[in-house]
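Work the whole structure out from these sequences, hints included.
Going down the list, the sequences are from chains A and B. Numbering follows the numbering used here, in which position 74 of the first sequence is assigned residue number 74; successive positions increment by one, without gaps. If you count the second sequence from 1, you need to add 259 to reach the numbering used here.
Keep in mind that the hints are not guaranteed to be accurate.
Quick list of in silico lysine to any residue cross-link-like pairs, SDA-like style, CA-CA up to 20 Å [unchecked claim]:
1. Lys269(B) <-> Ala91(A)
2. Lys269(B) <-> Arg118(A)
3. Lys269(B) <-> Glu34(A)
4. Lys278(B) <-> Ala115(A)
5. Lys269(B) <-> Asp114(A)
6. Lys269(B) <-> Asp87(A)
7. Lys278(B) <-> Ala90(A)
8. Lys278(B) <-> Asp114(A)
9. Lys269(B) <-> Ala95(A)
10. Lys224(A) <-> Val375(B)
11. Lys278(B) <-> Arg37(A)
12. Lys278(B) <-> Arg71(A)
13. Lys278(B) <-> Arg38(A)
14. Lys269(B) <-> Ala115(A)
15. Lys224(A) <-> Glu373(B)
16. Lys278(B) <-> Lys224(A)
17. Lys224(A) <-> Ile431(B)
18. Lys278(B) <-> Ala41(A)
19. Lys278(B) <-> Arg118(A)
20. Lys269(B) <-> Lys224(A)
21. Lys278(B) <-> Gly170(A)
22. Lys278(B) <-> Arg68(A)
23. Lys269(B) <-> Gly170(A)
Derived by calculation from the structure, the hints in this document are not laboratory data. Keep in mind the model is a prediction, meaning the values are calculated, not measured.
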Amino acid sequence: MLTKRIIACLDVRNGRVVKGVQFVDLVDAGDPAELARRHAAAGADEIVLLDITATHEGRGTLLDTVRRTARELFIPFTVGGGIRSADEAAAVFDAGADKVSVNSAAIADPTLIDAIGRSFGAQAVIVAIDARRAQESADPVGDAEVFVSGGRTRTGRQVIEWAREAEARGAGEILLTSMDADGTRAGFDCELTARVSEAVEIPVIASGGAGTADHFAQVFQAGKAHAALAASIFHFGIADVRALKQELALRGVPVRLPC
Amino acid sequence: MIPVTVIDYKAGNLTSVVKALRYLDAEVTVTDRPEDVRAASRVILPGVGHFAATRRLDETGITPALREAIARGVPFLGICVGMQWLLTGSREAPEQPGLGHFQGWCERFPEGSEKVPHVGWDHIMTRTSSPTRLFAGVEQNEFVYYSHSYYVPTSSCRNGTGQVVAADTDYITPFAAALEHENVMGVQFHPEKSSATGLRILRNFLEFGC
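This is how it looks when you write it as structure tokens:
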């Protein structure tokens with residue numbers, strides 16, 4: 001039986017893992033290569049490294065970080081953050097990534113999804129969507145809006161409609177982050193995740209809001225997610241992946257155990 | 260150091276496969292030239308992406324070189340599309356013939372009940388009736404990482420006789436997780452991404468015939 005994936009996410013700035021609450025207040029959480037290894041050993045099913053370095057000079061550091069992190073990592077490894085062209089994606093693949101995640105650049109030029117997919121296969125392209133519920137709408141979930149630039153800029157585009165377009169252009173997976181839930185540790189936005197998962201044929205990775213094992217069970221069951229991503233709860237030892245998976249197995253969620 | 264030749268046919272990236280082989284102390288040569296394939300003592304055909312990309316193997320003259328190598332008894336491992344290419348062909352690109360070493364067509368998972376592609380960690384059930392070399396030391400129901408929309412049916416065979424399926428996985432329908440017949444092997448999953456289990460399978464391939 002296909003298992004639900006637990007993905008450990010490393011937000012990286014200038015070569016160091018950081019974590020903030022709702023995209024601000026960043027604190028240092030360690031070395032990416034070391035943390036990736038530790039998560040893999042503890043049973044993480046995949047690693048996602050999101051580069052949030054704002055400056056252009058940081059890009060060289062990113063490739064070095066990817067290379068170092070990939071070296072002894074034998075589980076799927078996704079890199080995202082600031083990838084603006086198929087050439088930049090190629091450099092990241094060359095450094096050892098298995099998939100890239102594109103976000104703002106894909107909104108600006110959706111053909112980027114087609115271009116990366118053509119060269120590296122659809123399975124190698126994850127379209128990351130930062131979503132916020134449309135509180136003023138009669139259907140806040142159905143009308144949830146896509147935000148870009150680290151959540152600072154609204155696009156006026158509907159999340160569900162954008163997810164469908166991404167799929168049609170050849171995205172292999174959707175990484176859906178609820179900005180309302182992100183950093184709160186109060187649980188994923190299951191309603192939004194379920195709506196997106198039902199709208200597309202490709203797998204949806206839920207992100208934002210993980211705090212307890214129950215939250216993961218909810219997003220896999222009610223939220224219809226195929227994978228779930230969490231960062232901070234692992235870094236500070238609140239739960240490791242293996243303990244989380246054991247809890248999920250008890251709740252009837254199929255997970256990769258032993259791992 | 261065990262020498263192994265990895266074929267580059269410009270379909271997806273090879274970094275992960277090469278990295279895993281080097282981690283296992285293999286001496287890796289990456290090539291797109293038929294003369295290197297003729298000189299190879301062990302060959303891996305990786306593959307992520309579209310079956311149509313295998314056309315390049317015909318265009319560059321790699322296909323006949325691989326056919327000769329396999330006939331000489333050189334151990335061969337196809338990964339994902341590299342395994343599918345061992346068959347007659349694939350519905351993904353019906354006009355592009357496979358090697359035809361095994362008989363059967365790659366089919367697409369039907370949509371509706373489950374997500375397609377099949378992405379993630381799934382069980383493999385090795386066939387205990389005919390123990391394989393590829394899965395030596397691998398327990399029943401270990402997990403491997405998959406990423407594919409097309410699959411090799413479990414009825415695939417060699418020359419109309421004997422089945423060649425070495426392990427099965429069930430997703431929507433049971434399909435061939437791995438093929439093995441004499442020196443020719445294939446895995447639908449990605450051993451280079453399948454943690455300790457995958458490294459064990461790659462090591463078994465590297466030690467095959469040694």
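Okay, the hints, checked on the actual structure:
Simply put, Lys269(B) and Ala91(A) have alpha-carbon atoms about 15 Å apart, close enough for the 20 Å limit, and the pair holds. The straight-line distance between the Cα atoms of Lys269(B) and Arg118(A) is roughly 11 Å, inside the 20 Å bound, and the hint therefore holds. As the CA atoms of Lys269(B) and Glu34(A) are separated by approximately 32 Å, the hinted pair breaks the 20 Å bound. For the hint linking Lys278(B) to Ala115(A), the alpha-carbon distance of about 25 Å lies beyond 20 Å, and the restraint is violated.
With a C-alpha separation of about 17 Å, the suggested pairing of Lys269(B) with Asp114(A) holds against the 20 Å cut-off. Taking the CA atoms of Lys269(B) and Asp87(A), the gap is near 15 Å; set against the 20 Å cutoff, the hint holds. Between the alpha carbons of Lys278(B) and Ala90(A) the distance comes to roughly 17 Å, so the proposed pair stays at or under 20 Å and holds. For the given pair, Lys278(B) sits about 27 Å from Asp114(A) by alpha-carbon distance, which is inconsistent with the 20 Å threshold.
For the proposed pair Lys269(B) and Ala95(A), the alpha carbon gap of about 16 Å is at most 20 Å, so the pair holds. A hinted pair counts as satisfied when its Cα atoms are at most 20 Å apart, and Lys224(A) with Val375(B) qualifies at roughly 15 Å. For the given pair, Lys278(B) sits about 15 Å from Arg37(A) by alpha-carbon distance, which is consistent with the 20 Å threshold. Between the alpha carbons of Lys278(B) and Arg71(A) the distance comes to roughly 7 Å, so the proposed pair stays at or under 20 Å and holds.
Only pairs whose Cα atoms come within 20 Å are accepted, and Lys278(B) paired with Arg38(A) is accepted, the gap being roughly 19 Å. For a cut-off of 20 Å, the pair hint linking Lys269(B) to Ala115(A) stands: about 15 Å separates their Cα positions. Straight-line distance between C-alpha atoms of Lys224(A) and Glu373(B) comes to about 11 Å, which keeps the hinted pair within the 20 Å bound. With a C-alpha separation of about 34 Å, the suggested pairing of Lys278(B) with Lys224(A) is violated against the 20 Å cut-off.
Between the alpha carbons of Lys224(A) and Ile431(B) the distance comes to roughly 17 Å, so the proposed pair stays at or under 20 Å and holds. Taking the CA atoms of Lys278(B) and Ala41(A), the gap is about 18 Å. The hint holds against a cut of 20 Å. Between the alpha carbons of Lys278(B) and Arg118(A) the distance comes to roughly 23 Å, so the proposed pair goes past 20 Å and is violated. About 35 Å separates the Cα atoms of Lys269(B) and Lys224(A), which puts this hinted pair outside 20 Å; it is violated.
Of the pairs offered as hints, the one joining Lys278(B) and Gly170(A) is violated, with about 27 Å between alpha carbons and a cut-off of 20 Å exceeded. Using a Cα cut-off of 20 Å, the hinted pair Lys278(B) and Arg68(A) holds, with the two alpha carbons roughly 12 Å apart. Straight-line distance between C-alpha atoms of Lys269(B) and Gly170(A) comes to about 19 Å, which keeps the hinted pair within the 20 Å bound.
Checked against the numbered hints given earlier, this structure breaks hints 3, 4, 8, 16, 19, 20 and 21; the rest are met.
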